[in-house]
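Trainee: Top line first, the protein sequences correspond to chains A and B. To convert, note that position 33 of the first sequence is 33 in the numbering used here; the numbers rise steadily by one, no gaps. To convert, note that position 64 of the second sequence is 64 in the numbering used here; the numbers rise steadily by one, no gaps.
Simulated from the structure, these hints should not be mistaken for lab results. The beta carbon of each residue, even a glycine, is placed where N, CA and C say it ideally should be. Hints may be right or wrong, so weigh each one.
What the hints assert, rightly or not - Some chain B residues near chain A, calculated using beta-carbon distances under 10 Å:
(1) Glu7
(2) Ile10
(3) Glu36
(4) Ala37
(5) Leu40
(6) Lys54
(7) Glu60
(8) Glu62
As the list claims (entries may be wrong) - Now the in silico label distances, taken between C-beta atoms and shown as ranges:
(9) A:Glu212 to B:Val57: 26 to 34 Å
(10) B:Glu7 to A:Pro150: 26 to 34 Å
(11) A:Glu212 to B:Glu46: 44 to 52 Å
What the hints assert, rightly or not - Once the Cα atoms are required to be at most 20 Å apart in a straight line, the calculated EDC-like pairs of lysine to aspartate or glutamate come out as:
(12) A:Lys276 to B:Glu60
(13) A:Lys277 to B:Asp33
(14) A:Lys198 to A:Glu170
(15) A:Lys198 to B:Glu60
(16) B:Lys12 to A:Asp280
(17) A:Lys277 to B:Glu35
(18) B:Lys54 to A:Asp200
(19) A:Lys277 to B:Glu60
(20) B:Lys12 to B:Asp33
(21) A:Lys54 to A:Asp124
(22) B:Lys53 to A:Asp280
(23) A:Lys135 to B:Glu7
(24) A:Lys277 to B:Glu61
(25) A:Lys142 to B:Glu52
(26) A:Lys142 to B:Glu61
(27) B:Lys53 to A:Asp270
(28) A:Lys135 to A:Asp124
(29) A:Lys277 to B:Glu14
(30) A:Lys121 to A:Glu105
(31) A:Lys276 to B:Asp33
(32) A:Lys283 to B:Asp33
(33) A:Lys198 to B:Glu14
(34) A:Lys296 to B:Glu36
(35) A:Lys142 to B:Glu46
(36) A:Lys198 to B:Glu7
(37) A:Lys198 to B:Glu61
(38) A:Lys276 to B:Glu61
(39) A:Lys277 to B:Glu36
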Amino acid sequence: MNHLEQNQALSVTALNEYIDALMQADPILEYVHVRGEISNFKRHASGHLYFSLKDDGGVLRCVMFRSSANRVTFDPREGDRVIVRGSVGVYSATGQYQLYVQGMEPDGIGDLYRAFELLKKKLDAEGLFAQERKKLLPRFPKTIGVVTSPTGAAIQDMLNILSRRYPLAEVILYPSLVQGADAPRTLCDGIRYFNARKPDVIIIGRGGGSIEDLWCFNDENLAREIAASNVPVISAVGHEIDYTICDFVADLRAPTPSAAAELAVPNMQDLLAALKKMGDRAKGIVQDQIRIARLKLDRLSSATPFKYSERILYPFTLALSQAEERLSMAAKRVYEDRAQELSVIAEKLTALNPMAVLSRGYLVAISENGRTLSSCKDFYPDSHFTIQLSDGRVTAKTITVEEEM
Amino acid sequence: MNQLTFEEAISKLEVIIGRMEGGKTPLQESLEDYEEATRLVRYCAEMLANAEKKLTVLTEEERAGVDTTIA
Chain A
1 MNHLEQNQAL
11 SVTALNEYID
21 ALMQADPILE
31 YVHVRGEISN
41 FKRHASGHLY
51 FSLKDDGGVL
61 RCVMFRSSAN
71 RVTFDPREGD
81 RVIVRGSVGV
91 YSATGQYQLY
101 VQGMEPDGIG
111 DLYRAFELLK
121 KKLDAEGLFA
131 QERKKLLPRF
141 PKTIGVVTSP
151 TGAAIQDMLN
161 ILSRRYPLAE
171 VILYPSLVQG
181 ADAPRTLCDG
191 IRYFNARKPD
201 VIIIGRGGGS
211 IEDLWCFNDE
221 NLAREIAASN
231 VPVISAVGHE
241 IDYTICDFVA
251 DLRAPTPSAA
261 AELAVPNMQD
271 LLAALKKMGD
281 RAKGIVQDQI
291 RIARLKLDRL
301 SSATPFKYSE
311 RILYPFTLAL
321 SQAEERLSMA
331 AKRVYEDRAQ
341 ELSVIAEKLT
351 ALNPMAVLSR
361 GYLVAISENG
371 RTLSSCKDFY
381 PDSHFTIQLS
391 DGRVTAKTIT
401 VEEEM
Chain B
1 MNQLTFEEAI
11 SKLEVIIGRM
21 EGGKTPLQES
31 LEDYEEATRL
41 VRYCAEMLAN
51 AEKKLTVLTE
61 EERAGVDTTI
71 A
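Chain A on its own, in the form it takes in the complex:
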């Protein structure tokens, strides 16, 4: 290396700036689309995004400043396949070239995303997301219709929570597809099925997944089916950060399937506490009422008329006892009159009693068949008869009959 060449040596910064200038002058590097997978993703506190794009063959350093990052319509994460656009330049401090990203879209679903935004705007303009359209959820659902995959984690999560919180509700599962091209049709069928069967509430959803996995919940037909549902619909698609058209059009959006189960039913423990409280309140009211009634009674009974009741009642008790006396006297008189009458009758009866005659020495002869024998013609020799005396009977036998004519 000769002296001249040494004098022409550039500083590091100068070279970096030179390369940077070259790149910026290049019509391709100045505005380029690049497809790759996000790695080493960092969201800086300032709002800038730092990450690399990689594919099988290499890595590209990227930076996305806050002003651009704020316009990204999804939540980029490690491993996401994306298409970014921007310009390539050199970062002098590290001597590395990098992509200054101005826009980012999920790879492969970029078109879907645009469709999503368009559909969302359209349905919103039609009023399908309007708050006043939202139906109230029942307080105590008897039947819950669930439209989801029978094999997914979502149904298990929901069943766990429903049985813990409110086992009174019956769950009917409409097994549907929750991803893929056929999923929207089966999801629509589920909503229609439950509109015929009429549970108290419908939960539609699935567990977390990639954006593509959840895409069937952005279907326009499904949105219209949910909007037309007469049964309230809770949407529970993916994780908290995932928003779908289904979420917007549903009567309630739950961040996760588990949360949907919690929103759908009351908590049994709270209910038991509330029930106890109601019972206590009822008891308290009755006890108060009894106490007030007793107070009233005490006050009334200590008032003058009750205190001097004996004096006030005296004329009445006097009248009563006089009446009683008169009644007993009247009764006595009636009895005596009757007794008198009775003794007269008794005397008459005594006079008529044949026994009285017998006691004076007269006899009565009675035939064996009980007839009174009062004539000689009633007797014949050797016939037996009975003689009635005042103190007994004698059996006799006829010896002779002497009729006196």
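Add chain B to chain A, keeping to what the hints say.
Mentor: Showing chain B alone in chain A's frame:
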């Protein structure tokens, strides 16, 4: 109290307690209300305690059995 649903029982309970709280009921009626309320509280609590989660998974035929053409 034959086969009230939980919701029916709870609303009935709320009506009764509302009436009692109104304070216009004679004592005799309040006592009857109280008895009824106690019965309902017990009924609801028992319902919750004895409930067992019921799950029905619709089969293909069941899904087809309901006319879903009228949405």
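Trainee: The structure should be examined with respect to each hint, and the outcome stated for every one.
Mentor: Hints and how they fare:
{"no.": "1", "hint": "Glu7", "verdict": "4 Å, holds"}
{"no.": "2", "hint": "Ile10", "verdict": "7 Å, holds"}
{"no.": "3", "hint": "Glu36", "verdict": "9 Å, holds"}
{"no.": "4", "hint": "Ala37", "verdict": "4 Å, holds"}
{"no.": "5", "hint": "Leu40", "verdict": "8 Å, holds"}
{"no.": "6", "hint": "Lys54", "verdict": "4 Å, holds"}
{"no.": "7", "hint": "Glu60", "verdict": "9 Å, holds"}
{"no.": "8", "hint": "Glu62", "verdict": "9 Å, holds"}
{"no.": "9", "hint": "A:Glu212 to B:Val57: 26 to 34 Å", "verdict": "27 Å, holds"}
{"no.": "10", "hint": "B:Glu7 to A:Pro150: 26 to 34 Å", "verdict": "28 Å, holds"}
{"no.": "11", "hint": "A:Glu212 to B:Glu46: 44 to 52 Å", "verdict": "49 Å, holds"}
{"no.": "12", "hint": "A:Lys276 to B:Glu60", "verdict": "44 Å, violated"}
{"no.": "13", "hint": "A:Lys277 to B:Asp33", "verdict": "16 Å, holds"}
{"no.": "14", "hint": "A:Lys198 to A:Glu170", "verdict": "13 Å, holds"}
{"no.": "15", "hint": "A:Lys198 to B:Glu60", "verdict": "18 Å, holds"}
{"no.": "16", "hint": "B:Lys12 to A:Asp280", "verdict": "16 Å, holds"}
{"no.": "17", "hint": "A:Lys277 to B:Glu35", "verdict": "15 Å, holds"}
{"no.": "18", "hint": "B:Lys54 to A:Asp200", "verdict": "15 Å, holds"}
{"no.": "19", "hint": "A:Lys277 to B:Glu60", "verdict": "46 Å, violated"}
{"no.": "20", "hint": "B:Lys12 to B:Asp33", "verdict": "11 Å, holds"}
{"no.": "21", "hint": "A:Lys54 to A:Asp124", "verdict": "38 Å, violated"}
{"no.": "22", "hint": "B:Lys53 to A:Asp280", "verdict": "29 Å, violated"}
{"no.": "23", "hint": "A:Lys135 to B:Glu7", "verdict": "18 Å, holds"}
{"no.": "24", "hint": "A:Lys277 to B:Glu61", "verdict": "46 Å, violated"}
{"no.": "25", "hint": "A:Lys142 to B:Glu52", "verdict": "12 Å, holds"}
{"no.": "26", "hint": "A:Lys142 to B:Glu61", "verdict": "23 Å, violated"}
{"no.": "27", "hint": "B:Lys53 to A:Asp270", "verdict": "18 Å, holds"}
{"no.": "28", "hint": "A:Lys135 to A:Asp124", "verdict": "17 Å, holds"}
{"no.": "29", "hint": "A:Lys277 to B:Glu14", "verdict": "11 Å, holds"}
{"no.": "30", "hint": "A:Lys121 to A:Glu105", "verdict": "19 Å, holds"}
{"no.": "31", "hint": "A:Lys276 to B:Asp33", "verdict": "16 Å, holds"}
{"no.": "32", "hint": "A:Lys283 to B:Asp33", "verdict": "10 Å, holds"}
{"no.": "33", "hint": "A:Lys198 to B:Glu14", "verdict": "26 Å, violated"}
{"no.": "34", "hint": "A:Lys296 to B:Glu36", "verdict": "26 Å, violated"}
{"no.": "35", "hint": "A:Lys142 to B:Glu46", "verdict": "16 Å, holds"}
{"no.": "36", "hint": "A:Lys198 to B:Glu7", "verdict": "17 Å, holds"}
{"no.": "37", "hint": "A:Lys198 to B:Glu61", "verdict": "18 Å, holds"}
{"no.": "38", "hint": "A:Lys276 to B:Glu61", "verdict": "44 Å, violated"}
{"no.": "39", "hint": "A:Lys277 to B:Glu36", "verdict": "15 Å, holds"}
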